[in-house]
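> Please model the complete structure; the sequences and the hints are all you need to start from.
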Amino acid sequence: MSGHEAIDELLAEAGVDGLRLRGALALLSGGRWWTLSDLVRETATSRRTIESLLRALPLEHSGDRVRIPIDQVNRYNVAIDTDISGLGNPVSEMVAAHAETLGRLETLIAEAPRGRHALDHVSATADTVLRRALLLGRRFWLPGARLLCVGDHDLTSLAVRMVHPEVEVAVADIDDRILEYIDAQDLGVRTRWADLRLGLPPSLRGWADLAITDPPYTPEGIGLFAARAAEGLRDRDRGRILVAYGASERTPMLALKVQKALIDLNLLQEAIFPHFNRYHGAEAIGSAADLYVLRPTTKTWPAIASRLDRLATAIYTQGPQSVESAPAAPPDEAAVTAFGPDLLAGDWPRGLLPQVPRTRLATLLAKPYAADPGRVAIAVPAGLEAALPRLLLATRARHVRVLTAGPITDPAALAALLAPVYALTVAPRETGHVLDAVRLARPDGGPDRAIRTIMDNAHGKVANTWRETLTETAGLTKRQARAAVEEAAPWALDATPLELPLHRFAQMAALITATRLPGGGEGG
Numbered sequence: 001m002s003g004h005e006a007i008d009e010l011l012a013e014a015g016v017d018g019l020r021l022r023g024a025l026a027l028l029s030g031g032r033w034w035t036l037s038d039l040v041r042e043t044a045t046s047r048r049t050i051e052s053l054l055r056a057l058p059l060e061h062s063g064d065r066v067r068i069p070i071d072q073v074n075r076y077n078v079a080i081d082t083d084i085s086g087l088g089n090p091v092s093e094m095v096a097a098h099a100e101t102l103g104r105l106e107t108l109i110a111e112a113p114r115g116r117h118a119l120d121h122v123s124a125t126a127d128t129v130l131r132r133a134l135l136l137g138r139r140f141w142l143p144g145a146r147l148l149c150v151g152d153h154d155l156t157s158l159a160v161r162m163v164h165p166e167v168e169v170a171v172a173d174i175d176d177r178i179l180e181y182i183d184a185q186d187l188g189v190r191t192r193w194a195d196l197r198l199g200l201p202p203s204l205r206g207w208a209d210l211a212i213t214d215p216p217y218t219p220e221g222i223g224l225f226a227a228r229a230a231e232g233l234r235d236r237d238r239g240r241i242l243v244a245y246g247a248s249e250r251t252p253m254l255a256l257k258v259q260k261a262l263i264d265l266n267l268l269q270e271a272i273f274p275h276f277n278r279y280h281g282a283e284a285i286g287s288a289a290d291l292y293v294l295r296p297t298t299k300t301w302p303a304i305a306s307r308l309d310r311l312a313t314a315i316y317t318q319g320p321q322s323v324e325s326a327p328a329a330p331p332d333e334a335a336v337t338a339f340g341p342d343l344l345a346g347d348w349p350r351g352l353l354p355q356v357p358r359t360r361l362a363t364l365l366a367k368p369y370a371a372d373p374g375r376v377a378i379a380v381p382a383g384l385e386a387a388l389p390r391l392l393l394a395t396r397a398r399h400v401r402v403l404t405a406g407p408i409t410d411p412a413a414l415a416a417l418l419a420p421v422y423a424l425t426v427a428p429r430e431t432g433h434v435l436d437a438v439r440l441a442r443p444d445g446g447p448d449r450a451i452r453t454i455m456d457n458a459h460g461k462v463a464n465t466w467r468e469t470l471t472e473t474a475g476l477t478k479r480q481a482r483a484a485v486e487e488a489a490p491w492a493l494d495a496t497p498l499e500l501p502l503h504r505f506a507q508m509a510a511l512i513t514a515t516r517l518p519g520g521g522e523g524g
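Counting from 1, one number per residue, gives the positions in the sequence shown under the UniProt record's numbering.
Everything labelled a hint here was simulated from the structure, so no lab data went into it. No experiment lies behind these values; they were computed from the predicted model shown. Every residue gets a Cβ at the ideal spot worked out from N, C-alpha and C, and that includes glycine. A portion of the hints provided could be inaccurate.
[Stated by the list, open to error] Straight-line distance between alpha carbons at most 27 Å, and here's what the computed DSSO-like set of lysine-lysine pairs gives:
hint: 1; residue 1: Lys299; residue 2: Lys257
hint: 2; residue 1: Lys367; residue 2: Lys461
hint: 3; residue 1: Lys299; residue 2: Lys260
hint: 4; residue 1: Lys478; residue 2: Lys461
[Stated by the list, open to error] Pair by pair, the computed Cβ-Cβ distance ranges are:
hint: 5; residue 1: Glu5; residue 2: Pro407; range: 50 to 60 Å
hint: 6; residue 1: Trp33; residue 2: Asn74; range: 16 to 26 Å
hint: 7; residue 1: Leu187; residue 2: Arg114; range: 18 to 28 Å
hint: 8; residue 1: Leu493; residue 2: Pro143; range: 34 to 44 Å
hint: 9; residue 1: Arg236; residue 2: Gly31; range: 47 to 57 Å
hint: 10; residue 1: Thr471; residue 2: Pro407; range: 42 to 52 Å
hint: 11; residue 1: Arg295; residue 2: Glu487; range: 32 to 42 Å
hint: 12; residue 1: Glu487; residue 2: Ala370; range: 35 to 45 Å
hint: 13; residue 1: Gln269; residue 2: Asp444; range: 19 to 29 Å
hint: 14; residue 1: Pro274; residue 2: Ile70; range: 29 to 39 Å
Pasting the structure below:
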């Protein structure tokens, strides 16, 4: 079969979806050199489909770039608009007026912490996050509005603050590196740590008017992130949720399963902008994703409650918490039995210590345990290690034993972080680690006692505890203490220690010392 016949057959097989291939032919015939990745992203077509096209074409090569030879262009050139996704980009004409912002976003994305494959991180292009911000302004009235970014590896929060500084923006993310990076830009974004499998931060529940998320592309991931986004809305009648989701043109059944997960939440699909989002990577889905605009209905809230009651922790496409991962090995029962716990937190074998009370990890983080157990054993499955410092702060036990299914990434950093509260020892084992945390005596006074009091009161608001320590130990009036905390740490006003990004703890120790000094509050 000749190359031309092979192309004709490919186009015939594609049928009405052949516009993608014809767009790629037009690009390759234009004289410009193209990499495979650029062709995938430009045409929003899966890598496999583009590869099948390239195999059928007579191509000339320049390194990893290709094009149709100039003397054969006329045989393959097609007179069509190569921007086949124009209908999905209603704000594309607005981008040129924000060239400076686009350049700044390109730099921010390039310098951001690298994505983590186990969290399904793939970076959206700067053009994409800018257009997300522009679309929000074109579709919604934003003065006085609040936007919640449910996960924000893409840095959409920064784009929105640049384009719409009148909007309050908050981010809930599992990756402390991303939260620290967003805070470092000093654009007024409120950052909160959250593993959405364990809950939305209390300070963000019922907080937002709009929510946006680019979740793991599994039905489980989409359903969870959309449910948490809905929990973040304060107006159940007029709030909206924007969800990025993409699937290969070869896998319509996968897209149907994801849409069913949204329908199961009784979310109205007001609009779908095809191929609105473009990515550096994700070539299996054409480096592109649609943008859904969803509206909750009166039946959404009971559906969310039902969805979260049967919560699964495996929501990703890869890594230890992928939907296809093997079942985790059971915890080391001997290490738990010898410990003699008064409470078991997490997922433990049913027959283990049946007389000992149990609680879920999400419950431990959500509220203080009613009793006062002296010894608590916590099982942390692989993929939930980021919750470890928060789980240790959430219990008031004198001795905590943690069994992890995976290794603890940086035990020394964890020990330094929790040094005001615990003495830690870590014993590696064949799978995971056994960590023992023994609660230290409270300092007699000074800044050390203040930071310890805040960390001991892990479910209370940081600012409230901070103010109380200032009135008790630094001689400040309630009014002076309130003003000192608001000036020193506005990020602490409505957050609990369990919500704070880890870098805030290091800042807090220095700031507590400063608010106790003459001129920084004491006696003033």
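> Determine for every hint whether it applies to the structure shown.
Hint check:
| no. | hint | verdict |
| --- | --- | --- |
| 1 | Lys299 to Lys257 | 20 Å, holds |
| 2 | Lys367 to Lys461 | 12 Å, holds |
| 3 | Lys299 to Lys260 | 15 Å, holds |
| 4 | Lys478 to Lys461 | 16 Å, holds |
| 5 | Glu5 to Pro407: 50 to 60 Å | 56 Å, holds |
| 6 | Trp33 to Asn74: 16 to 26 Å | 19 Å, holds |
| 7 | Leu187 to Arg114: 18 to 28 Å | 21 Å, holds |
| 8 | Leu493 to Pro143: 34 to 44 Å | 22 Å, violated |
| 9 | Arg236 to Gly31: 47 to 57 Å | 54 Å, holds |
| 10 | Thr471 to Pro407: 42 to 52 Å | 43 Å, holds |
| 11 | Arg295 to Glu487: 32 to 42 Å | 40 Å, holds |
| 12 | Glu487 to Ala370: 35 to 45 Å | 37 Å, holds |
| 13 | Gln269 to Asp444: 19 to 29 Å | 60 Å, violated |
| 14 | Pro274 to Ile70: 29 to 39 Å | 33 Å, holds |
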